[in-house]
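Quick one: dock chain against chain with the hints and give me the complex.
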Amino acid sequence: MSQSSLSPLSSQLDAERTAVLERVAGSVLSVEAQRVRQSAFVWRGGLLVTAAEPLEGAEAVRVLADGAAAEAEVLACDLRTDIAVLRTSQTQRADLAPAAGAPRTGQTVAVAGRAASELTASWGSIQMSAGAWTTRRGASLSRRLLLDVRLPPAAEGGPVLDLDAAVVAMAVRGPASQIIGIPVDAIEAAVSEVAAHGHIAHGYLGVRVVPLPLGLQARHRLNAGRAVLIVADVAQPSPALDAGLEIGDLLLAIDGDALQAPDRLLGRIQGKRPGETLLVTRRRGTVVDELTITLGARPRS
Amino acid sequence: MVDIIVAACEASVRTALHRQLQASGLSAALEVDIPAALAPAVAELREPLLLSGVHWPETAPYLESAIGCGIAAALLLEEESLEVAHPAFRRGAAVLLPWPTTGARLAYALEAIAHGLRIVPDAARPQQPTTIPTAPPLSLRPPRSILSSRERALLELVAAGLGNKAIARSLGLSINTVKYHLASIFAKLDARTRAEAVSAAARRGELLL
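Chains A and B are the protein sequences, given in the same order. Note that the first sequence covers residues 1 to 301 in this note's numbering. Note that the second sequence covers residues 1001 to 1209 in this note's numbering.
For reference, chain B alone in the conformation it holds in the complex (with noise of 0.2 Å):
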């Protein structure tokens, strides 16, 4: 299970963050009340996480420092904040729900981000058929993006069966910069060959099928 940091600058706001969770039969691993004490908080947990609120542009710090960390984010915050277009959603953060929130959709919420997923803002998608979905709409990130963009382009083309050095030719790069983000894609990817690092790729979301 993830660890709930609760971040607030309010005791009150704490507080009622804290009740939430309790409502969905979470608790909180730890709680911090200035946006630099998360890096620190992050440090001493597994699996951390961010829950904060309510107030945007209060809460942005506490996105911010989530996003440098490289931990998710669930904001809870005022109903008219909640489109896609929200700076919050914009900049980052997993999921934004509606202060207060339900027990079960907070729960809910939590263990989707823990597993890489965003929840779009119900109004992001207007294309829905009209029918009420059992399930929230989903919409992600995968799992933690572990490679970078050049690793990942490098890798569509492994999979395209491509020589290194047709890779080399198609990307611009020498045949030894594509060895070179070989190695570090088979280091991250903890495989020995090329189908090893294509089939990790595609277990993680990180190649296109």
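Excised from the complex, chain A in its bound form (with noise of 0.2 Å):
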């Protein structure tokens, strides 16, 4: 009968599904911290990965694998990439291998957590794969990867894996309820930048600045109706300081876009290392110029 005839090919597909989970079983591990639980998953030598938003402010998250517990530090929670990264002294487990090519719209894929001690699986697909995009919060992904996926809370942080148990993204949370993979290559680059540094750096431009209210920027006719931000205040030191801005400059643009409000400008900058650099249009009485100004970091202390 038909259900006899479909039967070797569906128990095929079962062990192999089921052998993805059981190759990535001992590297997928429970994270606890005060209200959270979620998952993360051994990236490189005793470094953890796993979804930096539910986690922030934590300094310390238990982890648990097979029912054994240890504790593990929180070395850097970036909110722009929504990646955290997590040492325990747990060096034993594999790390697990990222997938050789591009994740493509349509792929089968796993997320892998563990909820507690038991290890979880939601089995789906990849219903988008695009190009590069600019977070909310203003980080640069090579790819926006949206998951046809359910992923329970407990999963969140987890590995998203392909058929051959490589990793293909982080699974996280995004607006709208979406689920979203944070693409592999933005997973290597913070784990070698905590790995070189114990942080992450961020952007840094020292200034603060104020939207100019509408009403004063129609009255002057300045930027095409586009939104101005005025710099109220700059640090001492700080790049902006060196570059020549000063209180009162008016901010008509960064990197060619206007941007609406100081913390569209807060995105910028941190979705950039330092280093890198801003283009900054800038209007003083009536003189426009453009400024190019290296970053730099965010004071730690």
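Hint data in this document are derived by calculation from the structure and do not stem from the laboratory. No residue lacks a Cβ here, since even glycine has one placed at the ideal position from N, Cα and C. Please note that a few of the clues may not be correct.
Stated by the list, open to error - Residues on chain B that point at chain A, a partial pick, calculated with CB under 10 Å: (1) ILE1034; (2) LEU1157; (3) ALA1159; (4) LEU1173; (5) ASP1190; (6) ARG1194; (7) VAL1198; (8) ALA1200; (9) ALA1201; (10) GLY1205; (11) GLU1206; (12) LEU1209.
Said to hold, decoys possible - DMTMM-like cross-link-like pairs, simulated, lysine to aspartate or glutamate; straight-line CA separation at most 20 Å: (13) B:LYS1165 / A:GLU73; (14) B:LYS1165 / A:GLU32; (15) B:LYS1179 / B:GLU1196; (16) B:LYS1188 / A:ASP263; (17) B:LYS1165 / B:GLU1111; (18) B:LYS1165 / A:GLU71; (19) B:LYS1179 / A:GLU59; (20) B:LYS1165 / B:ASP1190.
In structure tokens:
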């Protein structure tokens, strides 16, 4: 009958799927912080990767696998990319391997997670794999990955695996209940930076800005109706001071785009790394000029 | 729109201030004739703002009272007073304008300070390009800073990605004090997460970017 003729194929598929989970089982851990239960996976020699947003502010968390619990230190919590990097003393676990090619739309994937000591798996597919994009928080990611998968809360931060058990991305919750994949190159960059510097540095210009009230802007016919930010303060020392920005300067555009609000500028700056440049179109009096400013690192003390 | 309070001891000065407002197409919400009457007047209005003049230091008690109430003050003063070193400006007057002033200039100034801006007297900016700016030079305070300086310092470190323990170490505080300050920052900025607090502070001009 039809059922018996299908049965070998579906049991083969089942075997392939369960094999994927078995291969990664030892490298997927459960993360417990104060109010949070999520998942993490081993990326490189004792460094674990998980979602940053639910964890933010946590210093130390408990990680669990196969019933064995250990403490892990939160080394970095990068809200721009939603990547947190943890260090645990349990270093004997195998690193997961990143997938070689770019993720394809429609590709079958599984999100592995761990709820307390039990492994979880959610199968689905890559709903969309599109080109580079900038997250809400200003991080530039190489790919925009949307996942068609049910993500239990405890599996957030877990690896998105292909049928070879290689990591395609990390699964996190996005806005509007989307499930988003953070691409592996961003994970690798974050882990490398933490391994080298102990933390992830944020870009820094050293200004406080406020939007120019629209009434004033209209009256003075500034910037053709596009938003203008005014420099309200310049930190000392700071890249902004070195570049000659002054209180009262009007910022007409950043990297060629008019920015609607100061938090958009924050996103632009934090989305860049120290050493990268920012092109500022500045107006002082009636003089408009362009400054190329090399960003510094936000002071950490 | 703001609620302008005209304040001066002499009736003739108050009348003159009303005329100046009329010339700008504005009107006063209230007038007060003694500095002590300012606080009750402020309590009655939604967006109060002081307009006073024209003699310094007679105007000073009104300025002090406005600062005490936490409202912005615009003072119209004799031309020779208009410099950034003037005690009124140093004390925190948002704008000093020459008396008498043009209607358009007064309307502009009041609109600017209603948005939390200050207008620096021209003489304060000798480094300006010699071309005449179409907009008067502006300098600003962020719209009414709601965070304390300690809270702002703490939030800078939150923005740098530090955790509570690292912040406590950096500022020489206990973890509980850090948590206490953070709770206060979150409440003031109506934020639920650190990221929300950081971007809310950025929006209000309270964070170095």
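Do the hints match the structure? See the list:
The interface hint given for B:ILE1034 is broken, as the beta carbon of that residue sits about 33 Å from the closest beta carbon of chain A, more than 10 Å. Taking 10 Å as the C-beta contact cut-off toward chain A, the hint placing B:LEU1157 at the interface holds, the least distance being around 7 Å. Below 10 Å, beta-carbon pairs count as interface contacts, and B:ALA1159 has one with chain A at about 6 Å; its hint therefore holds. For B:LEU1173, the interface hint is violated, the least distance from its beta-carbon to any beta-carbon of chain A being 13 Å, above 10 Å.
A least Cβ separation of about 14 Å between B:ASP1190 and chain A goes past the 10 Å threshold, and the interface hint is therefore violated. For B:ARG1194, the interface hint holds, the least distance from its beta-carbon to any beta-carbon of chain A being 5 Å, beneath 10 Å. Given hint, B:VAL1198 at the interface with chain A, holds; its Cβ is 7 Å from that chain's nearest Cβ, closer than 10 Å. Because the closest C-beta pair between B:ALA1200 and chain A is about 8 Å apart, less than 10 Å, the hint holds.
A hinted interface residue such as B:ALA1201 counts as satisfied when its beta carbon comes closer than 10 Å to some beta carbon of chain A; here the least separation is about 9 Å, so the hint holds. Residue-level restraint check for B:GLY1205 holds (minimum Cβ-Cβ distance to chain A is 4 Å; threshold 10 Å). The closest approach between the C-beta of B:GLU1206 and any C-beta of chain A is roughly 7 Å, which is under the 10 Å cut-off, so the hint is satisfied. Annotation: interface hint on B:LEU1209 holds; nearest CB of chain A at approximately 5 Å, less than 10 Å.
Annotation: proposed proximity of B:LYS1165 to A:GLU73 holds, straight-line Cα distance about 12 Å (limit 20 Å). Under the criterion of a C-alpha separation no larger than 20 Å, the hint pairing B:LYS1165 with A:GLU32 is consistent with the structure, at around 18 Å. Taking the CA atoms of B:LYS1179 and B:GLU1196, the gap is near 16 Å; set against the 20 Å cutoff, the hint holds. Taking the CA atoms of B:LYS1188 and A:ASP263, the gap is about 17 Å. The hint holds against a cut of 20 Å.
As the CA atoms of B:LYS1165 and B:GLU1111 are separated by approximately 44 Å, the hinted pair breaks the 20 Å bound. This hinted pair checks out: B:LYS1165 and A:GLU71 have alpha carbons roughly 16 Å apart, not beyond 20 Å. The hinted pair formed by B:LYS1179 and A:GLU59 meets the criterion: a straight-line CA distance of about 13 Å does not exceed 20 Å. For a cut-off of 20 Å, the pair hint linking B:LYS1165 to B:ASP1190 is broken: about 23 Å separates their Cα positions.
Going down the numbered hints, you'll see the structure goes against 1, 4, 5, 17, 20, while the others check out.
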